[in-house]
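First to last, the sequence lines map onto chains A and B.
Each position in the first sequence, counted from 1, maps to that position plus 186 in this note's numbering.
Each position in the second sequence, counted from 1, maps to that position plus 2 in this note's numbering.
There may be inaccurate statements among the hints.
[As the list claims (entries may be wrong)] Okay, derived cross-link-like pairs now, EDC-like style, lysine to aspartate or glutamate, Cα gap no bigger than 16 Å in a straight line: (1) B:Lys128 to A:Glu416; (2) A:Lys421 to B:Asp180; (3) A:Lys421 to B:Glu79; (4) A:Lys466 to B:Asp27; (5) B:Lys55 to A:Glu319; (6) B:Lys128 to A:Glu418; (7) A:Lys384 to B:Asp56; (8) A:Lys347 to B:Glu79; (9) B:Lys55 to A:Glu320; (10) A:Lys384 to B:Glu79; (11) B:Lys129 to A:Glu330; (12) A:Lys384 to A:Glu320; (13) B:Lys129 to A:Glu416; (14) A:Lys347 to B:Asp154.
[To be verified] Sample of chain B residues lacking proximity to chain A, with all beta carbon distances greater than 12 Å (derived): (15) Asn14; (16) Ile32; (17) Leu37; (18) Val44; (19) Leu62; (20) Ile78; (21) Glu79; (22) Ala150; (23) Arg168; (24) Arg181.
Simulated from the structure, these hints should not be mistaken for lab results.
Source: prediction; values computed, not measured.
From the three backbone atoms N, C-alpha and C, an ideal C-beta is built for every residue, glycine too.
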Amino acid sequence: MAEGGEGVKVAEVKDLTRIERIGAHSHIRGLGLDDALEARKVSQGMVGQVNARKAAGVILSMIREGAIAGRAVLLAGQPGTGKTAIAMGMAKALGEETPFAMMAGSEIFSMEMSKTEALTQAFRKAIGVRIKEETEIIEGEVVEIEIDRPVTSGAAPKMGKLTLKTTEMETVYDLGQKMIESLNKEKVSAGDVVTIDKASGRITKLGRSFARSRDYDAMGAQTKFVQCPEGELQKRKEVVHVVTLHEIDVINSRTQGFLALFAGDTGEIRPEVREQIDAKVAEWREEGKAEIVPGVLFIDEVHMLDIECFSFLNRALENDMAPVLVVATNRGITKIRGTNYKSPHGIPIDLLDRLLIVTTVPYTERELRLILDIRCEEEDVEMTEDAKDLLCKIGHETSLRYSIHLITAAALVAHKRKSAEVEVEDISRVYALFLDVQRSTQFMVEYQEQFMFNEVPEECGDEMDV
Amino acid sequence: MFRKGGESTSVNQGGRRKVHTTYPDGAEMIEEFDLKTDELLVRRRRGRTTLGKDTPWEYLVGEAPRTFAPDTGTLIESGANPSFTRSQDAPGSFVWRVRNLPYPKETYDVRCDHEAQQVVIRTSNKKYFKRFEVPELKLLDKKLEDAALSWDYRNFTLIVQYKKPREAVVAEIEEKKDRMQLAAKKTPEEGDVDCKQQ
Numbered sequence: 187m188a189e190g191g192e193g194v195k196v197a198e199v200k201d202l203t204r205i206e207r208i209g210a211h212s213h214i215r216g217l218g219l220d221d222a223l224e225a226r227k228v229s230q231g232m233v234g235q236v237n238a239r240k241a242a243g244v245i246l247s248m249i250r251e252g253a254i255a256g257r258a259v260l261l262a263g264q265p266g267t268g269k270t271a272i273a274m275g276m277a278k279a280l281g282e283e284t285p286f287a288m289m290a291g292s293e294i295f296s297m298e299m300s301k302t303e304a305l306t307q308a309f310r311k312a313i314g315v316r317i318k319e320e321t322e323i324i325e326g327e328v329v330e331i332e333i334d335r336p337v338t339s340g341a342a343p344k345m346g347k348l349t350l351k352t353t354e355m356e357t358v359y360d361l362g363q364k365m366i367e368s369l370n371k372e373k374v375s376a377g378d379v380v381t382i383d384k385a386s387g388r389i390t391k392l393g394r395s396f397a398r399s400r401d402y403d404a405m406g407a408q409t410k411f412v413q414c415p416e417g418e419l420q421k422r423k424e425v426v427h428v429v430t431l432h433e434i435d436v437i438n439s440r441t442q443g444f445l446a447l448f449a450g451d452t453g454e455i456r457p458e459v460r461e462q463i464d465a466k467v468a469e470w471r472e473e474g475k476a477e478i479v480p481g482v483l484f485i486d487e488v489h490m491l492d493i494e495c496f497s498f499l500n501r502a503l504e505n506d507m508a509p510v511l512v513v514a515t516n517r518g519i520t521k522i523r524g525t526n527y528k529s530p531h532g533i534p535i536d537l538l539d540r541l542l543i544v545t546t547v548p549y550t551e552r553e554l555r556l557i558l559d560i561r562c563e564e565e566d567v568e569m570t571e572d573a574k575d576l577l578c579k580i581g582h583e584t585s586l587r588y589s590i591h592l593i594t595a596a597a598l599v600a601h602k603r604k605s606a607e608v609e610v611e612d613i614s615r616v617y618a619l620f621l622d623v624q625r626s627t628q629f630m631v632e633y634q635e636q637f638m639f640n641e642v643p644e645e646c647g648d649e650m651d652v
Numbered sequence: 003m004f005r006k007g008g009e010s011t012s013v014n015q016g017g018r019r020k021v022h023t024t025y026p027d028g029a030e031m032i033e034e035f036d037l038k039t040d041e042l043l044v045r046r047r048r049g050r051t052t053l054g055k056d057t058p059w060e061y062l063v064g065e066a067p068r069t070f071a072p073d074t075g076t077l078i079e080s081g082a083n084p085s086f087t088r089s090q091d092a093p094g095s096f097v098w099r100v101r102n103l104p105y106p107k108e109t110y111d112v113r114c115d116h117e118a119q120q121v122v123i124r125t126s127n128k129k130y131f132k133r134f135e136v137p138e139l140k141l142l143d144k145k146l147e148d149a150a151l152s153w154d155y156r157n158f159t160l161i162v163q164y165k166k167p168r169e170a171v172v173a174e175i176e177e178k179k180d181r182m183q184l185a186a187k188k189t190p191e192e193g194d195v196d197c198k199q200q
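Whenever a hint applies, use it, and build me the whole structure from the sequences.
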């Protein structure tokens, strides 16, 4: 990128494989705990908050055991102290198998759905059922992939063909858009043995075919060789997977027959359907066909819930199918929404009493520095030590979020003056360009009169009435 | 024999008598007969997975429509491949057709796999392979017999025939009587649905 100064603009080649964008918490890969649940100083994208992380680790082992239902944890702390990061870390540490439902407190206020319905759905999204199911899959060795890119980019859809074979047969498949993308993403090439789930289009690479083992390919040490599959390409196979109770609800709540014409699409699920499914799941458990995988429901900004929701939560936590509830808030003593009562964190005392409270504390300057290091790496930005020191100081005086936001902005400024590294001058330039909260407030206080609707000074209002 | 244990309703539509059967486990079957000749044109059924999802239609007789949207779909067998269908019965035997097979006659090998109770089509050039059951035999609890199976290759089409056993013929006659009764309950007009009062 740095040598693009010839005046000729070369169109940047978009990297198709990286579909995820860099989010505020994409550097977090776990809680960063060792086997004894002690928090490592810097690990898996986590820095500091040692006590809170240890506490989260204890909760994790409680979730993994799965025996205890309906416990709730409150993460409380000032803005920008890593509450959401800890929740994300918990989700990552639990792995794919354990359901982790995440929602913001304000998500439950919808015109389509009642508040309790939204909460019930969220609860049921956090309970998984591990069950065996038969699905239709295609299993074979890739003979050829042929993807035609249309000459005019954009409008015309891509066309593709995939040829698969087994020891007995060979079939050509026409590919849809989604399939072409996932073939690209998985980097499937001729000679790979793959399984494809026909309904969802999910591809699993089983390995390379033995027949191709003599090709002089550059391959990694972990390349596995497998036999070319036998028999028909399309097979029925039993797979064990985890589905959430909510997914089973949705599957079974389609209105059938002509009644579908009258049912409004409110997105609500009838209680009879849920009862029926609970009974069915209980039956499967008794027969040993299914297992319950309790997960985690994380509600961010929990102070946005109102008094009705809190009393619903009180009751819902007593259910033996309840997941572990993790809530987070950055409020101190404030009004409970829907009432005039004040309460710590805006949560009624009776619910607070059921919560294990974990607090996060503001980061020290050293911890800030480490977080900024991690973010620079995540956002692919090179920065000199001096610039980092300055950024760290800015972070300490304003806020961590503000300093993180300056990273990419500064990188763009550095890029404009054709430097690969961000230096102090870039930081001070963006610091001058973008105001932080404090400076912005200061500015407002000084120039309030010049903004809209301040034409009439406030004291004048009373005199005019007379 | 297919409708046993289910609730059937019949409706006449577009020159076809359509019989819809639902089973207690949530499975469904749709059969379509020609109103004039009373030939079976389509028989398809689908079941439910353990979680309650409908499985895709399985065409026992007749050809499945090719529905595929390249924008949203995943993948589908290309039209250039051989296509396997069970076509209308010949007098006295079940018939399957594999169209679009360009290889010479010596390539094919069709025989019964008695262990799996399936008919197996193989090709010596390893291009086509198919295993299939005869659902009627399964329902009547009959075993496959080598002598009843025959095949021919003409016009790029492999035609496999299996001679109907006596029991299947008897069951078919009975089923036809059943069906006539179902239709005769009320003389249905075009578009009329034989619908029970709730």
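* **Unsatisfied constraints (hint numbers, rising)** => 2, 14, 20, 21
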